[in-house]
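Chemist: Chains as they are written, first to last, in our numbering: chain V, 4 to 288; chain R, 107 to 357; chain X, 222 to 577.
Treat the hints with care, as some may be off.
[Unchecked claim] Derived DEER-like restraints, expressed as beta-carbon distance ranges: (1) 426/X with 302/R: 54 to 60 Å; (2) 83/V with 447/X: 44 to 50 Å; (3) 6/V with 487/X: 48 to 54 Å; (4) 426/X with 87/V: 21 to 27 Å; (5) 167/R with 121/V: 56 to 62 Å; (6) 508/X with 119/R: 31 to 37 Å; (7) 178/V with 367/X: 56 to 62 Å; (8) 83/V with 294/R: 47 to 53 Å.
[To be verified] With the C-beta cut set under 7 Å, the calculated list includes, among others, these residues of chain R facing chain X: (9) 183; (10) 188; (11) 190; (12) 193; (13) 199; (14) 201; (15) 202; (16) 203; (17) 213; (18) 215; (19) 228; (20) 232.
Everything labelled a hint here was simulated from the structure, so no lab data went into it.
We treat Cβ as the ideally placed atom computed from N, Cα and C, and that holds for glycine.
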Amino acid sequence: MNAVLTQMLNGISFGALLFFLASGLTLIFGLMRIVNLAHGGFYLTGGYVGLTVVTLTGNFWLAILAAAVAIAAMGAATERLLLRRIRGQVMAEVLLTVGLATIIGDMCLAVWGGDPRSVPTPAYLSGSIQIGSFVYPRFRLFVTVLAVAVGAGLHYLSQHTRIGTIVRAGVDDRETVAALGIDINRVFTGVFILGALLAGAAGVIGGAFLSLSPGADIDILLLSLVVVIIGGLGSLPGAALGSLVVGLVDVFGISQLPALASFILFAPMALVLIIRPSGLLGRRA
Amino acid sequence: MSGTAPEALTLDGVTMRFGGILAVRDVTATVNAGQRWAVIGPNGAGKTTLFRIIAGEQTPTRGRIALFGRDVTRQSASRRARDGLGRTYQVTNVFLGLTVRENVAIAVNARRRGRLRTWWPVRYSGPVGEEVDHTLDRVGLLRRRTAPARELSHGEQRQLELALALAGSPRLLLLDEPAAGLSAAERAMMRTLIDSLPRDTTLVLIEHDMTLALDLVDTVMCMDNGAPIATGTPDEIRDNEQVQAVYLKSD
Amino acid sequence: MTLTTAAKLLALVSAIACAVALPYVVGSFLLSTATLAIIYGLFAMSVNIMAGYGGLVSLGQAGIMASSAYGVAYVATRNHGYVAQVGAGMICAIAVSVVFAVMAMRTSGVYFLMVTLAQGMIVFGLAMSLAPITGGENGLTGVYRPPAVTQDWQFYYLCVGVLLVCAAAIWVFITSPFGLALRGLRESESRLRMLGYNTTLHKFFGFLVSGFFAGVAGVLFAYNNQYVSPSVAEFAVSAQAVLMIILGGIATLSGPLIGAVIIVLAQNWLSIHTDRWPTIEGLVFVVVVLFAREGLVGAVSRAWHRYVPGQATGTQAPPAAAGEPAEGPDQAGEPPPADRLPAGPGGSGVPRGLSS
């Protein structure tokens, strides 16, 4: 029983991590119709930057902040200098992000090397808590709580602020929003930066209970893509739901049927794409 | 098998609801083979939506559509096209990256379903080429046949648009604002073109240019707010007070 | 015969002559690099059938190539003859293509990209996990070349020959009415449907043809390396094929091959001097996408038509096989740029709710 509970919480906390990435990815796609395949690179770089900051200053929170800022800048540069030149050209945008992802992955390898690294966590977030006979890592609970907080924050932003309304309207109908005289360029850049920022911060967090190594960017990108497809491109609630589902499936799937691990994840994704491309909670495109 | 009844197009209670909006309300009409109809009305009257429903690009919320006696309400657009329906678009929808000749060849090939020929290189000197050239000649684009469609002027693109629809020798032709964006001279050319279409081709056209429309057809249906408000001969419609009111109020 | 057609024939003949002469001129390392370039070139050409002409880029084509390579290897390790090996490889490729095609044929644009991405990953995952069949992470060894082509230079000539035959076949396919309809699919799927075409079926068959040639590449791949591992199915392989296509010239017959030659040569040479080949490749990706989307063949073609007098008018001559935008020799325009894809399942065509 405890084992099952542990697995479940592992799935939930992993899903929480995925949510940081999936939320950004889904907004970027929903609004800009861009599949940002460099998102995994954002995650990994953020994690490494955070690792370096922690190593230098010993401050975990500073590391998260630094990573968020650094990757936000990376995202801004990407959108402003690169993606904007090819706005609206689907294939070109995807390929550009692929090229970018390749560069980022290799640069991380060059700077931080190929050995798996972990981000050290502060004492009050490490170790386990104990409830009766049940023991669980504190940090994973922290990740879950943080994801819920971020989710709530995003929800508030999207439902109760003007900018959120604009983004939601833009996801629905880009042309109309642009026609209303709103500077759609700045909204695009802003959303992209937000997504990058979340991914960067997630890198530090993920680097604490998973490890950072070459290839981790692709792994988490693929899982995030699955989340976004299943949950619905452009839908934040979909990203939340999808993260939960994928997190649980990943943990239980790998433990029960390791041989078919990738199949278990990608087959449903393919199925959703074929039967209901807008995902479980997305709008019909 | 495609239908053979004398009623080229039958609309029965066709209704289209988009969320809270009724774009097309309960349209019932019958167009007989060989007739020429114009559908007129102010912007937002539902004309293009009706067209899309007839063409098969939109499934109506309610109602039936029949082509030559055969119920096609559930039939796909490509199936209707194969059964003799041709359509031009208000916003030019041709294959911009291909040459004029290739554009029409695609249209011509749709009709020629020979098994082996599908896989053999396209030759413009054979029967396909002849049909392509013939169609281009009819719309006046023969001398531009090797030009990329992208490089054509707007008027020439409208001609190509028409050529694509004609290449299949359609029995029922839907023309969505064929004169859209054309200069006066180009309009005159388009008018002559449409006028010269074979008399056994049933024609339904949407057109904003009233003079063009009323001159070319024998029946006019005026729509407003998704429903037909008057149907009759061009003279009757010209003198119809309701029609005049509808157009005046939208100025 | 126009000057353009003559130039193209000359280019084709020269290329074949160079290809034939190569083993006499270069050392074994370059020869094996050339062989690899030919195989990847064929693979890229297969991707180009759907990507360049049909406007649908598959990011999972490597899965098909891997399937055929594994088919060959599996039968080889069970000690069956060469015909059985090749046959198994092609059957695997076609079977997987059918499955992929059925999955993908109702999607377009970004969704097509993602379905095909998933497909490639599924094959990769299966290759890694089904160890009894695929040898898992270690792959399968024990593939031996047929006696007539055991030597590298012999195998090289085989690849050249296979490439020429396949290129000719692809050319016939592209210039057929089916191929023309496929190109129409790229321009406007709605228009094609409204002319009476069953576009889903066209995508399906296009995918099959594309997969067939990927399968041929996979067979050659297996015999070239004499070893197959899951890395053949990686996303990076599919992505690299797309880079080759764009670099060389999308929707041209020889573009993918030229792109493959450049990339494979660059990769093999630069990897000797630096570890940072992936960064360089990524930079090429970014630069090409931003600044050179018509690719080399496209640029050459455009320059030719601009600077060589009298070449912009039309003739009836059909396009020659090599170095050729498939629109025809009388085109002054560039090959359709890679952005001509519908943005999503809604496709291009008449926007909804327009005026009336």
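Chemist: Run every hint past the structure and note whether it holds.
Modeler: Results for each hint:
| no. | hint | verdict |
| --- | --- | --- |
| 1 | 426/X with 302/R: 54 to 60 Å | violated (38 Å) |
| 2 | 83/V with 447/X: 44 to 50 Å | holds (49 Å) |
| 3 | 6/V with 487/X: 48 to 54 Å | holds (52 Å) |
| 4 | 426/X with 87/V: 21 to 27 Å | violated (38 Å) |
| 5 | 167/R with 121/V: 56 to 62 Å | holds (58 Å) |
| 6 | 508/X with 119/R: 31 to 37 Å | violated (59 Å) |
| 7 | 178/V with 367/X: 56 to 62 Å | holds (59 Å) |
| 8 | 83/V with 294/R: 47 to 53 Å | holds (50 Å) |
| 9 | 183 | holds (5 Å) |
| 10 | 188 | holds (4 Å) |
| 11 | 190 | violated (9 Å) |
| 12 | 193 | holds (5 Å) |
| 13 | 199 | holds (5 Å) |
| 14 | 201 | holds (4 Å) |
| 15 | 202 | holds (6 Å) |
| 16 | 203 | holds (4 Å) |
| 17 | 213 | holds (5 Å) |
| 18 | 215 | holds (4 Å) |
| 19 | 228 | holds (6 Å) |
| 20 | 232 | violated (11 Å) |
Of the hints listed earlier, those the structure fails to meet are numbers 1, 4, 6, 11, 20, in rising order.
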